[in-house]
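Use these hints to put chain F onto chain Z, whose structure you have.
Listed in order, the protein sequences are those of chains Z and F. So that you can map any letter, position 200 of the first sequence is 436 in my numbering, and since no number is skipped, the others follow by simple counting. So that you can map any letter, position 75 of the second sequence is 79 in my numbering, and since no number is skipped, the others follow by simple counting.
Honestly, the hints are just simulated from the structure, not real lab data. Since the model is a prediction, treat every value here as computed from it, not as a measurement. From the three backbone atoms N, C-alpha and C, an ideal C-beta is built for every residue, glycine too. Misleading hints may appear alongside valid ones.
Covered, in the sense of this in silico footprint (three residues per stretch, anywhere, with C-beta under 8 Å from a C-beta of chain Z), are these stretches of chain F [to be verified]: (1) 33-40; (2) 43-55; (3) 58-64; (4) 78-91.
No more than 25 Å apart at the CA atoms, straight line, and that leaves these computed lysine to aspartate or glutamate pairs for DMTMM-like [to be verified]: (5) F:K28 / F:D59; (6) Z:K424 / F:D62; (7) F:K61 / Z:D322; (8) F:K49 / Z:D394; (9) F:K79 / Z:D322; (10) F:K45 / F:D76; (11) Z:K316 / Z:D353; (12) F:K45 / Z:D394; (13) F:K81 / F:D59; (14) F:K61 / Z:D394; (15) F:K45 / Z:D353; (16) F:K81 / F:D62; (17) Z:K375 / Z:D340; (18) Z:K424 / F:D59; (19) F:K81 / F:D25; (20) Z:K424 / F:E44; (21) Z:K316 / F:E44; (22) F:K48 / F:D76; (23) Z:K302 / Z:D340; (24) F:K48 / Z:D394; (25) F:K28 / Z:D322; (26) F:K45 / Z:E310; (27) Z:K424 / Z:D322.
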Amino acid sequence: MKTKTFLTLITATILSLHVEAKPLSYVGGLMLMQENDETGHTGSFDYTFIPTNAFGFYAKQEENGKEILMLTPEFNTLLKRWNLPDGQGNIFNMSGAGLARYHDNNQPCLWTAFLADYESRRWFLSYEPRFVWDGNIEKSVWQRARIGIAPYLANYNDLNTWLMFQVDHHPAKHDHFVATPLLRFFYKGYLFEIGYQSNQHIMVNWQIQF
Amino acid sequence: MKKHVLTFAIMFALTAAVSADTIKATVNGMVCGFCATAIEKTFKKQPEVSTVNVDLKDRLVTVTTKRGQTLDDSKVKRLLTNSGYSVASINRAK
Numbered sequence: 237m238k239t240k241t242f243l244t245l246i247t248a249t250i251l252s253l254h255v256e257a258k259p260l261s262y263v264g265g266l267m268l269m270q271e272n273d274e275t276g277h278t279g280s281f282d283y284t285f286i287p288t289n290a291f292g293f294y295a296k297q298e299e300n301g302k303e304i305l306m307l308t309p310e311f312n313t314l315l316k317r318w319n320l321p322d323g324q325g326n327i328f329n330m331s332g333a334g335l336a337r338y339h340d341n342n343q344p345c346l347w348t349a350f351l352a353d354y355e356s357r358r359w360f361l362s363y364e365p366r367f368v369w370d371g372n373i374e375k376s377v378w379q380r381a382r383i384g385i386a387p388y389l390a391n392y393n394d395l396n397t398w399l400m401f402q403v404d405h406h407p408a409k410h411d412h413f414v415a416t417p418l419l420r421f422f423y424k425g426y427l428f429e430i431g432y433q434s435n436q437h438i439m440v441n442w443q444i445q446f
Numbered sequence: 005m006k007k008h009v010l011t012f013a014i015m016f017a018l019t020a021a022v023s024a025d026t027i028k029a030t031v032n033g034m035v036c037g038f039c040a041t042a043i044e045k046t047f048k049k050q051p052e053v054s055t056v057n058v059d060l061k062d063r064l065v066t067v068t069t070k071r072g073q074t075l076d077d078s079k080v081k082r083l084l085t086n087s088g089y090s091v092a093s094i095n096r097a098k
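This is chain F alone, in the form it adopts within the complex:
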């Protein structure tokens, strides 16, 4: 039994370690879809990024990273600033 629990724990830890991040950034100033294209293009250039979704209604940029990779908050903020916007908050989920 102990062996099974240990195996399960190791598997769980490994899965968590290589899973993708979902980063949800609430963005100020993001009101124009034409301008928000900048966000999509900027994030898609990053090797860590798998998908980018821009939601103007909720002012939300959702970025999914590739498995086992992540973007730290400072990089997310820098990329959004380079796109012309400012960050109100960042939330993460595995």
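One chain only, chain Z, in its complex shape:
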């Protein structure tokens, strides 16, 4: 009983890792990310080894549909970056291949996602389509878009605040469209997000850069 409880706690902790943000850090940098929302609990832990690539571990416990557990290594690539005087645009690819588990059915799985974003000190825009193949359990396509505005222009040593609005479309889930107004806060290498989703879930995300 104690062992099972302990393992459940450890698993829950690991699986509650992930956040919707840039999938790359700086060379030699580590990122721990977490996302908890109506799609489930997602997490990743990445190491950026060159400016355009990071390697890590990805885990997701799906909810609001088939409760699939996915465990994969993750490979993130910066495909294109535009460094502008007043903004930055990026296109990333994130991919993984590993194991999916649904009840007692273990299957190989593959997933790949593209993330396009543009950010200035005032505005934030992103779009992410994601393709998931969980063997004979499920094949799904999922997409997410975000828009954000900073109510004040914070400098580096200030607490940065963003008002954001996110729309998810995931046909494999019970709720195909979900809208989420959210608040994003960050201070130096710490990021935290909280939102309330249209299907009455509370979204809580966080990310730490080491």
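Leaving out everything else, chain F in the frame of chain Z:
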């Protein structure tokens, strides 16, 4: 008098030689404080660096080196590129 001038010149030269560099780099793409943490962490790992200051408003990264040490422009550019940004200009002061 000549001796004093010579002493002063030598002292001045030695002081200049061991003084710290202040490097001001104007950076493109540096709009997010969370991401700019990368710059601070990357530069602080360098043994030559004493302090790092990031100013998002002016897109400026100011690096002060330790006394008698410096970072050349190519290294500054490489470190900023590794952090995810590109360099618009670099200015130096002793």
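**Report entry** Restraint check for K81 of chain F with D25 of chain F, where alpha carbons must lie at most 25 Å apart
**Finding:** 16 Å, holds
**Report entry** Pair hint K424 of chain Z and D62 of chain F, alpha-carbon separation not exceeding 25 Å
**Finding:** Given that 25 Å is the threshold and the Cα spacing comes to 17 Å, the pair holds.
Report task. Below or equal to 25 Å on CA atoms is what counts here, so check K302 of chain Z against D340 of chain Z. Result -> Holds - the C-alpha atoms of D340 of chain Z and K302 of chain Z are around 13 Å apart, at most 25 Å.
Query raised in the report: Is K375 of chain Z close enough to D340 of chain Z, meaning Cα to Cα at most 25 Å?
Result: 18 Å, holds
Query raised in the report: Can the restraint linking K81 of chain F and D59 of chain F be considered satisfied, given a maximum Cα separation of 25 Å?
Result: 17 Å, holds
**Report entry** Restraint check for K48 of chain F with D76 of chain F, where alpha carbons must lie at most 25 Å apart
**Finding:** 16 Å, holds
Query - Residues of the region 43-55 of chain F with Cβ under 8 Å from chain Z, three needed, outcome - result: holds (count 5)
Query raised in the report: Taking only the CA atoms, is the gap from K424 of chain Z to E44 of chain F under or equal to 25 Å?
Result: 9 Å, holds
Query raised in the report: Is the straight-line distance between the alpha-carbon of K45 of chain F and that of D76 of chain F 25 Å or less?
Result: 18 Å, holds
**Report entry** Restraint check for K424 of chain Z with D322 of chain Z, where alpha carbons must lie at most 25 Å apart
**Finding:** 19 Å, holds
Query - Coverage claim, chain Z over the region 78-91 of chain F, checked by counting residues with Cβ within 8 Å (three needed) - result: holds (count 6)
Query raised in the report: Keeping to a limit of 25 Å between CA atoms, is the pair of K45 of chain F and D353 of chain Z held or broken?
Result: It holds: about 23 Å lies between the C-alpha atoms, which stays within 25 Å.
The structure meets every hint from the earlier list without exception.
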